[in-house]
Structures are given as C-alpha cells and as structure tokens.
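Participant: Each chain, written out:
There are 2 protein chains.
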Amino acid sequence: MADEELTETPETEDESEAYALDRKAVAAILYAVDTGDAEDLRQRMEPLHAADIADLLEQINAYDRGRLLRLYGREIDGEILSELDETLREEVISVLSPETLAEAVREMDSDDVVDLLEDLEDHQQEAILGHLEEPDRVAVQQSLTYPEYSAGRLMQREVVLAPEHWTVGEAIDYLRGEDDLPEQFYHVILVDPRHKPVANVTLGKIMGSPRTTPLKEITEDVFQVIPATQYEGDVAYAFNQYHLISAPVVDEDGRLVGMITIDDAMAVLDEEHEEDILRLAGVGEGSLSDRVISTTKRRFPWLAVNLVTAVLASLVIAQFEDAIATVVALAVLMPIVASMGGNAGTQSLTVAVRAIATKDLTGANVWRVIRRECLVGLVNGVIFAVVMGIVGLVWFGSPALGYVIAAAMVINLVVAGFAGTVIPVILDRIGVDPALASGAFVTTVTDVVGFFAFLGLAAAVLL
Amino acid sequence: MADEELTETPETEDESEAYALDRKAVAAILYAVDTGDAEDLRQRMEPLHAADIADLLEQINAYDRGRLLRLYGREIDGEILSELDETLREEVISVLSPETLAEAVREMDSDDVVDLLEDLEDHQQEAILGHLEEPDRVAVQQSLTYPEYSAGRLMQREVVLAPEHWTVGEAIDYLRGEDDLPEQFYHVILVDPRHKPVANVTLGKIMGSPRTTPLKEITEDVFQVIPATQYEGDVAYAFNQYHLISAPVVDEDGRLVGMITIDDAMAVLDEEHEEDILRLAGVGEGSLSDRVISTTKRRFPWLAVNLVTAVLASLVIAQFEDAIATVVALAVLMPIVASMGGNAGTQSLTVAVRAIATKDLTGANVWRVIRRECLVGLVNGVIFAVVMGIVGLVWFGSPALGYVIAAAMVINLVVAGFAGTVIPVILDRIGVDPALASGAFVTTVTDVVGFFAFLGLAAAVLL
Chain A
0 MADEELTETP ETEDESEAYA LDRKAVAAIL YAVDTGDAED LRQRMEPLHA ADIADLLEQI
60 NAYDRGRLLR LYGREIDGEI LSELDETLRE EVISVLSPET LAEAVREMDS DDVVDLLEDL
120 EDHQQEAILG HLEEPDRVAV QQSLTYPEYS AGRLMQREVV LAPEHWTVGE AIDYLRGEDD
180 LPEQFYHVIL VDPRHKPVAN VTLGKIMGSP RTTPLKEITE DVFQVIPATQ YEGDVAYAFN
240 QYHLISAPVV DEDGRLVGMI TIDDAMAVLD EEHEEDILRL AGVGEGSLSD RVISTTKRRF
300 PWLAVNLVTA VLASLVIAQF EDAIATVVAL AVLMPIVASM GGNAGTQSLT VAVRAIATKD
360 LTGANVWRVI RRECLVGLVN GVIFAVVMGI VGLVWFGSPA LGYVIAAAMV INLVVAGFAG
420 TVIPVILDRI GVDPALASGA FVTTVTDVVG FFAFLGLAAA VLL
Chain B
0 MADEELTETP ETEDESEAYA LDRKAVAAIL YAVDTGDAED LRQRMEPLHA ADIADLLEQI
60 NAYDRGRLLR LYGREIDGEI LSELDETLRE EVISVLSPET LAEAVREMDS DDVVDLLEDL
120 EDHQQEAILG HLEEPDRVAV QQSLTYPEYS AGRLMQREVV LAPEHWTVGE AIDYLRGEDD
180 LPEQFYHVIL VDPRHKPVAN VTLGKIMGSP RTTPLKEITE DVFQVIPATQ YEGDVAYAFN
240 QYHLISAPVV DEDGRLVGMI TIDDAMAVLD EEHEEDILRL AGVGEGSLSD RVISTTKRRF
300 PWLAVNLVTA VLASLVIAQF EDAIATVVAL AVLMPIVASM GGNAGTQSLT VAVRAIATKD
360 LTGANVWRVI RRECLVGLVN GVIFAVVMGI VGLVWFGSPA LGYVIAAAMV INLVVAGFAG
420 TVIPVILDRI GVDPALASGA FVTTVTDVVG FFAFLGLAAA VLL
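The listed protein sequences correspond, in order, to chains A and B.
Residue 157 in numbering that gives the first Met the number 0 sits at position 158 of the first sequence, with consecutive numbering throughout.
Residue 248 in numbering that gives the first Met the number 0 sits at position 249 of the second sequence, with consecutive numbering throughout.
Quick caveat, the hints were computed from the structure, so don't treat them as lab data.
No experiment lies behind these values; they were computed from the predicted model shown.
The reader is advised that the hints may include incorrect statements.
Pairs involving identical chains hold if they fit within one copy or between any two copies, as the list cannot separate such chains.
Said to hold, decoys possible - As a list, the in silico DSBU-like pairs of lysine-lysine whose alpha-carbon atoms are at most 30 Å apart: (1) Lys195 - Lys23; (2) Lys195 - Lys358; (3) Lys296 - Lys358; (4) Lys23 - Lys358; (5) Lys296 - Lys215; (6) Lys215 - Lys358; (7) Lys23 - Lys215; (8) Lys296 - Lys195; (9) Lys23 - Lys296.
Assemble the whole structure, with the sequences as input and the hints as a guide.
Facilitator: Shown next as structure tokens:
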C-alpha cells in the first residue's frame, strides 16, 4: 500500500529462495524413491540438515512419504524426529524399526524426548520410554509431570552449575576435568547451598578473567529465573524481552531443576505467532500435510460461528424489507457500509490482539488506546462518508441517500474502532484468548450496526 | 472453538501477568513525576530492566513522557535507547543532553548503534556519529553501506576468531591473554588464511577438551555462513530452522566481516511476524504510542482499497435490482453467501501466507495444497448449503430460494479455497509480499462471485 513498504520488495525478492528446499534436489530424491535406489537416495539426503529433511517429508505426498521411509527409514535419527511436525510424527514413528527408534531417542536431549512423547499415543510413549536408560527415563517422566505448555516441559535436565563461592580457576579446573558436559551450554549457573540459582556467568567471561577472580564478580547483569509451571509463551516473551541466552528453571521451592536455552524459546515464539495468526483467521492449528477431512473439521467451527453472525445480520435486514422493496438502491449500497465497518474493526482488533500478546496494552494505556481507535474511526469515517455521500448522490441522484450512507459510515467506523479494541481486552481479562474469539464478535457488531444504522436512517429519512 | 484449544486457557490465565509492567509500580513512577521528585523517581526506575523502561515510556502519554524525561533524562543509557520503539527514538533523543547521548552511544555494540541511526534524521545521525571514537565510527559507517534490512545491518563487528590449525591449548591461551573480548560470545570462528570462516567451535567444547586437541576436531556439525546482503527475514529463518546460536557474516568474496547472534535473530523473527499479522489485517507498521493522525494515515489506504472492492461488489448487485425488487428476500440472504465466502477465503489465504513465510509451500506441493483447499471448500460448502437451504426454505417458505442459496454457497466456498491459495502464491512469485495485498484480492473475488452466483441463479430460477 504505502510507499515505504514497497521499498523492501527488491531485497526480499532477491533472496526469497534462500534456505527453501531446492526443487531439483527434491525431484532427484523423488526419482531415487521411484527407482527404489536406496544408496542413491541416501547420498542425496546426506547433505540435508535434519530440519530440511523434516520439511521434505512434510511437503511430499503421503504415498511418496511412505515409500521414502521404507527405503530411508534406518537413517531417521533423533534430530529428524524432533524437527518433524507433530501431525507426522506418529506416522513416521510407526514405520521405524524398534532398533532405529531406540537409537534415535537415546541420542536426544531430555527436552526433545519430552517434546516427542507429548503428542504420541500411550503404546508409542511406552515403547520409547522403554528404549531409554534408567536415569534418562526418570528425567523424562519427571518433566512429563509438569503441565503441557509449561517451562517444565520445555527445559532440559542437563545443566552446568557451580557453588557461588568458587573462583574462575576452580570453575575452569572443574569444567576441564568433567567428562560429561552437555552438548550445548553457554553459562555456568551459580547456586547457593540450598541449590537455588543466584546468578549466571558466561563461558566467555570465565575464559577472559584471571584465575583468582571470584565468579560472583563477573556475573551477568540480567538474570531471570523461570518457574517450572510458567506458561511457555511467557518464557519466550522473557527471552525476547531481556535478551536471555539461557535461563535456569526452578521448582516451587526455588530449587534448580533444569535450564531453557534461547533456541527452544525462539521455536516457542514462532509457534505462538503461528497460533495467533491462524486463530485470528479462524483456522485451528494444523499443517500443510494434513488431509482434507482433518482440515475441513478444523475450518468448520469458525465458519459455523460466522454463519450464525451472518444470519443475525440478515435478521436486521429483514426488519427493513419494506424500505428495500421501495428503494432498491438500499440493497445495492448496504454491503458497503457493513464491509467498511468489518475492515476497520479488523484493523483495530489486530492491533489490540498483537499489543496484548506483547504486553504493550495494559491498564496504564487501555483508555487512551480506546479513545485513539474511536478517533481514528471518526476521522476515516468522515473521509469515507464524504466519498460515499458523493457516490450515492451521483449514482442514484438522491442527496438524501447520500446523507444516509454518509451518516451510517461515520457511525459504523467509530463503533468498529471501539468494538475492535474493547472486545479483545474484555476477552483477555476473562481468560479467553482474544485471538481466538474476537473476530466473530467484532464483525457481528459491525455488520449489525452497519445494516441497522444505514437501513434505519434510510427508513426514517426516505420513506 | 475446538475443545483442545480451550484446554490451554487455565495456564495462560494463571501466568498472563508474568513480565507485564506492574500497575502499582507505574502509578508510583507517575506520582514521582507529578511531584517532581527526581530521587524518588530514580529509585523506582532502578530495578527495571532497560526493555521494561522502554515499554513504560511507550505506554504512558506524551505529556507524562516529556516530564519523566526531563527528570530522568540523565539516566537514559544506550540499552534503553536500543530497546525503544523507532517511533519514540527521535523524541527521546531530542531531549537528551549531548553528554548523556555521547555516553549512551559509546557503550553500545556496533549493531545497536546502526539500528539506532537507521531511522534518525540526518542531523541527529551526525551528532551521534560525532560522539563515537574513530574505529567505532568507521565500523558503523561501513555497516550502513549495506542495504536496509540486510544481514550487514544486523551484524556486530566484534568477533572472536582463530586460525583453523590451532589447538584447544592455543585457543585457551589466546582467549585468556586477550584484554578486549566482546561482552557476549559463545563461539570461536575458525578462519582459513584468506579470512574465510570455515567452522564454529563452542566455548563449552574448548573448555571440555584436552589442550592438544586440534580445534578442527571439535567443530559444530551445523555451520551456516550468512552473506552480508541477505534479507534479515531469511537470516531469522536460518537461525530458527537450524538452531544456530551465532553465525559468521561474510562479504561477497566470502571473507568474514562480522557475526550475528541469536538474540538479534529472534528480535527480527518477532518483527517479521508482527509485520505479517498487521499486513494481513491491512494495518501498516506503527506503535500504540502513535498519535491519531499518523494512525489514521496508516489505516486509510487499506480502507480505500476495500471501498473500491465493496463498490465493485455493489455494481454486481445493481445488475439485479429488478430481481431484488421482486423478491426482497434476496437482499436479506445475499450478505450471508458473501460473508461465508469471505471467511473461507481468509482461512485459506492465511494458511497460504503463513506457509509461504515458513517456506513450507513450494513448487513441490503447491498443486496438492490448491486441490486440498478446493476440496475443503467443497465439503464445507455442501454442509453449509444444506443448512442454508433449510433456513431459506423455513424462513421464506420457498424451496427454490433454498436451492439457489445452497448452490451459491457451494460455488463461493470452492472459489474461496482456490482464490485464497492461488492469489498469495502468484503475488509471491511476482515479488509482492502476499501478506500485504492478498486480502483485498481474495475478498473482492468472494464478494463478486458470491453476489453474482446467488443473484444470477435467483434471477434465472425465481423470475
């Protein structure tokens, strides 16, 4: 729309294929599947990152996927399983041999095993737990006792910690002497004698400081402790807000039970956004690889709600059948008022839902935002009222019709700004996700008000 | 809507206030501003993280913000400036004393200075560059030569690197001897003699390996080199897709020029999502602290486009004035068909826009997805056709009206599925952001097709 937004396009375009799966590579892989050449297939899959293999499995159709898995099944490892969309995991796991599956889960971090198990059926869960060694199984089972979508499910058990009174030298000697350090870690967590985390020290600071420096003197300024029961969306928010790289997770007594790293928080942030964007459009979660029936089922509820609201709007129209029969122009113009209100309402609504998600819409500014949205509706309403008044006059030659549509436009756009802000705020306060339900309410309001204002004024003025 | 989505609510609710600014704290801060008590204000701001101070400045009104800055101006540091929304930076910078500003920018990383400068006016840019020391100024100016929204703008100059032939011992001795290590770093980048990055080694691996181990043997499996001209959205995608923590940035000759860390990539991912979600709703970028006029201007273009499409739809209705004058029930029912089509189209569209953004909708599956969306439209269309056929029959006692609305519903929902997928795919291919423009096209199609199918069939069957 606006100029400044178009300036981005060239760059986006240049690089838009960066990191997308290469069409030719996919074609070559499918050819290897067609010819049943397992060795050729293995070689062509070799250079792909686990996340790209997961994407490939999601993008090809179910028939090709089945054949590919039969040829390539043994190479499926824990990383690919972690990257795979939930909807495909059961399908893929059911094709793997018990040995392949056992090997795959044994090499995974505890948080990834938990993530894998969550969405599986009981017998598949048990099979996987059975493949784990005793301490890992206990760790995974403990994580599963935390609620779904909590920090406790997201955290890994593997942490590196040190007593708060240690020096840099002691930390280095400990780290260099320890055989079993986690694959990825960036901080040493300092804990007090009761195992409560008190600070983070980065490995970079430990590397760069004299051996005699107490660890306490080189701790990070920003230190956030995450309760194990915290909602994962809030965890992601904290990482993004405070630029955390890793954060300790504690139980209700404040004792260290695990650690969350930023890459997992980033994945959650991405999922939360996906959820918001899809919910705003009335689409349940799912993936492109879902089949027609499951997709239809997910789309249906929102369309059913929309049908009810559309019928409500029709009931309003039905009250004015006589007016419409007399002046058919009303039927021609009335969808314009409703449509403009719906769009303006969706604009306000989206801004409000997004501001609630980023914790930018609070008690401190909610009234100011509501007032602003109403004023924006008023200004745009007046502009479009003038335009539509002229259109009404020129098209149908009736000044009265012009006044009526102009007045209805102003009313509906102000109401749109008000409803678009107030409805998500109220839903949030009563504990309903505003992204999920606001759309239906707001468009009901703008449809009903739009038709009622336009037809009601017309009936009063024109008849 | 669906049951599984409601199960989340309790947890979300419990923690929904986590990390949000505390209402009482904000009130106490505003009270200190009212009484002009600078010392009290300083004490109350003290515990807040820079990001929260930035949020506070965004949430209070312009008058309070001005008074707060006059009392607290000297305490504004580089971190707060980096966290501040672009729209407020100029305002805040213009109140700071030159000394405060100079001190603030000197303590910032080069990437944050670049981020700060980008959106300022020329005279403010020069003032800030003037405060930097020579080498920093050159680094910032070089970064500014890269295009906006590119990896070159996002990267920091400060990197830690080592020749590829070094051992763990050599790396440790170098790191422990170096005075000027960056504040935050997690990897040592190995470079070849021509300064091209060849691998990453984590500090954890260096800590945990014997001194004689060559660094080459403990490099990370996943290693992505980012071209300095790459679009920042693709950079964020790569970090999320491949779980990168930091990645080297190279110039066109492949030589190392900087490094991007995951916290910056996460911030970009967040912004990209914000952009997508706002563009889908026809709202330009902006912030809650914007004034009425700038907000009105940003909302206007989309509403203007919507007015044109609504008038187009009205022109279709106008073709059938005679039919409507004869059977007024048509005017009552026609918005239902259009509204259902618009909603179904928005569902398909949102899924497609999102899948394009995550690189999940590619040449490999585009036809399958289009077919699926049309089939989903067909199945839902048939269900709602039956419902609306019955409603039409019962409400208006006319079987023919029931058949007509049923047929129009099926047609419009199939078209919605098709248009909702094809339009964003085509826009993406020709280099237009599908999130920006698809909505207008898709609802035009569903409005026009909906009114035309319903009124056309009615005219043919009923008159």
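Participant: Please flag the earlier hints that this structure goes against, numbers listed from lowest up.
Facilitator: 5, 6, 7, 8 and 9
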